[in-house]
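Since the structure of chain A is provided, determine the placement of chain B on it from the hints.
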Amino acid sequence: MFYREAGQFKTSYSADESVFPILQDRIGIAVILGLAFVVIPLTATSFTLSSVLIPVLIFSLAAIGLNLLTGYTGLLSLGTGGFMGVGAYACYKLTSLFPNANIIVLILASGFFSAGIGAVFGLPSLRIKGFYLAVATLASQFFLSWCFVRVPWLVNYNVSNAIEVPTRTMFDIPITGPNATPMTRYLVVLSIVVGMTWLASNLLRGRIGRTWMAVRDMDIAAELIGIRLYRTKLLAFAVSSFYCGVAGAMMVFLWLGAAEADSFNINQSFLILFMVIIGGLGSLIGSFFGAAFIWGLPIVLKMLPEFFGVKIHAATVEHLQFMTLGALIIFFLVVEPHGLARLWQIGKQKLRVWPFPY
Amino acid sequence: MRVKYLALGLSLAVAGSAVIASKATAQEGIFVPLLTYRTGPFAGSGQPIANGMNDYLQMLNERDGGIGGVKLLIEECETGYDTKKGVECYEQVKAKKPVVVNPYSTGITLQLIPKAAVDKIPILSMAYGLSASAVGNDFPWIFNPPATYWDGLSMMFRYIGGKEGGLDKLKGKTIGYVFFDGGYGREPIPLLEQFAKDYGFEVKLYPVPAAEMQNQSAQWLNVRRDKPSWMIMWGWGAMNPTAVKEAAKINFPMDKFIGIWWSGGEDDARPAGADAKGYLTLNFNGVGTSYPAIKDIQKFVVEKGKSQVDKTKVGENLYNRGVYNSVLIAEAIRNAQKISGKKVVTGEDVRRGFETLQISAARWKELGLTDFGAPITSVSCTDHNGHHAAYMQQWDGAKWVKVSDWIAPMKDKVRPLLEAAAKDYVTKNQPWPKRTEPCDKSS
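First to last, the protein sequences are chains A and B.
Quick note on numbering: the first sequence equals residues 3 to 360 in my numbering.
Quick note on numbering: the second sequence equals residues 25 to 467 in my numbering.
Errors might be hidden in some of the hints.
Computed beta-carbon distance windows for the label pairs [claimed, not checked]: (1) LEU229(B) x VAL41(A): 49 to 59 Å; (2) GLY208(A) x GLU217(B): 53 to 63 Å; (3) LEU128(A) x PRO277(B): 53 to 63 Å.
Since the hints were made in silico from the structure, they are not lab data.
Note that beta-carbon positions come from the ideal geometry of N, C-alpha and C, so glycine has one too.
The shape of chain A in the complex, shown without the other chains (with noise of 0.2 Å):
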């Protein structure tokens, strides 16, 4: 009933082929943009927007990242906090170098430089694939991390051996820094996740998206059709390490002001890779999901018991918080196995057919 698509045709290709075919979809996006651009800025508290929003729409930018690779390729990838840092670290260098340039420009920019790194590690992908693979992901997530603590070049000779950001404005609006307001630093984060991830979708339903997804069904039949696939391999690699250098930079710039190496460590890419599973491999929607599920509901759950009045040590709060996540997750996995962007798809079927489900 609410989502009849019944009387919506399409008279030409255009329409057929555009990314919200059906009319609800596209009031719903708006609305929720809208929501995102003008209402949450207006209305939400710095904490919530400097501690929930922003981290969240980071992850999920992250999330995009490993999912092109691990979701859409099929290459399962342990390396997204080492291809994050290499981001982050590529902005400082960058920032530091150049100092005038616009920063907004430098983060994605040094997106390039991670893509580059990424390229490089996606190379053992075109032997081996599947565990295997993740174990040489790995390697590259131990090989960055050391390069983080032991090359000072990186954080140009700083005694903390910490990345700190210093202030850069555009129109004279501070946007890094302590100056930064909450507001900005989210509008600015906004932009760039929403710009990625209609990138992303547009280049998931092109020719490059098929390749990917034909590579991840079967990849013998991929290449018998026509499919090089160290191409499309390292240009998944390639994309995804784009996608997360672009995250780990804003993580630095835009949400935490500083970051040692150990902010890149395994704990970092296992993270990403849970919010990819819970979230729905193969599905952008699923990465804001599960992006939103380990970051913000933690943060939530935490608030509980003094919302309620209940004064509870704040060690005893975060035991109760990770057992309530532990047991969300397993209860999450076990109704619907293919993550939450799958139980979104499952309610839209019933929301169409209510009331009358047969």
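Using the frame of chain A, we list chain B on its own:
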């Protein structure tokens, strides 16, 4: 049906979270948030410190009704020693106008340093964090008394010099440095290398990567091969007991093995038991429960069941370290009340309180903590550290024993390095705000 409930649950969760996130509490008092870590890989070191900090402040509330008659609102936020969660904690407490924030992690401190001046919240990173932030002209909102890591290293060399009969006797010898491979452990290296040049000894570096903290056999095999005359350690968390055990295993003379103050917990030496006998670490706070103030903590807080501490662990080194941290906070608040004439002070007042902080030997006695710490005498507008003394303690197989008097750092060697590091930080982070806060006269 199932799906419907799920959808309902999800939408409720989303709606609920919006409501919860926007709720803030307000109450009369001085808000002192404590960023602590009782979970995660460093919980072993984090718990006693968290207990010590919490219990001293609670004791002030119970015994004196707060500071200057105003209750302290103490709230812990769990960071798990994770920098991302630490920033989240900071954003969470920021809304409630804290008078001071203790990050208790170098990583979190680094992220808060630029924010402090904008949010007008002083940051107390007690003998950790960015050493260069001791330069008050560049970092008016950051305080790291009583001593920096470079001070610590110079104190170790004073001790070594005393044992060797003069630092010039080190010529031709080898000194090993085993350290946590990250910003914290790498910081002392420039000064160590300078000492090596000045006194003519050779330095051997043994980095321990974060992932390998509990597996140091490779490093200690090299130590056995190189046979250094002295070993110096910069460790934290699980790295410390592992290193002590490994040193005992290769029969390294323990009385020539010196750790920094963060390597001196009871649980760092205890696992190696009698084999760790002789192991030395620096310390800047007294150990034990013989102090009247610690007795008050036991009476007013621990025995009333208001603390999370295990009764037998009150008075241990890291617990007392937490107490020391809270003494600094409390004295700064008291000082701020005196300067500003207000009862309920703000972050701006407490910043001034820190800048004129004085804890003389007499004041320590008044606090019920005679000789608990070296007198805090030289924190000032320009010097946010003060470079105060520490002492050497030795493990006797069951507890820590003080084996030296207060050792003063080599301020003349440390200060130029600090100034240079601060200048370096400021030039790399241009545009860095100029100090606009006026200086108070020392009280």
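Hints versus structure:
1. LEU229(B) x VAL41(A): 49 to 59 Å: Given range 49 to 59 Å: holds, Cβ gap about 55 Å.
2. GLY208(A) x GLU217(B): 53 to 63 Å: holds (56 Å)
3. LEU128(A) x PRO277(B): 53 to 63 Å: Check passed, 54 Å falls within 53 to 63 Å.
Consistency note: the structure conflicts with none of the earlier hints.
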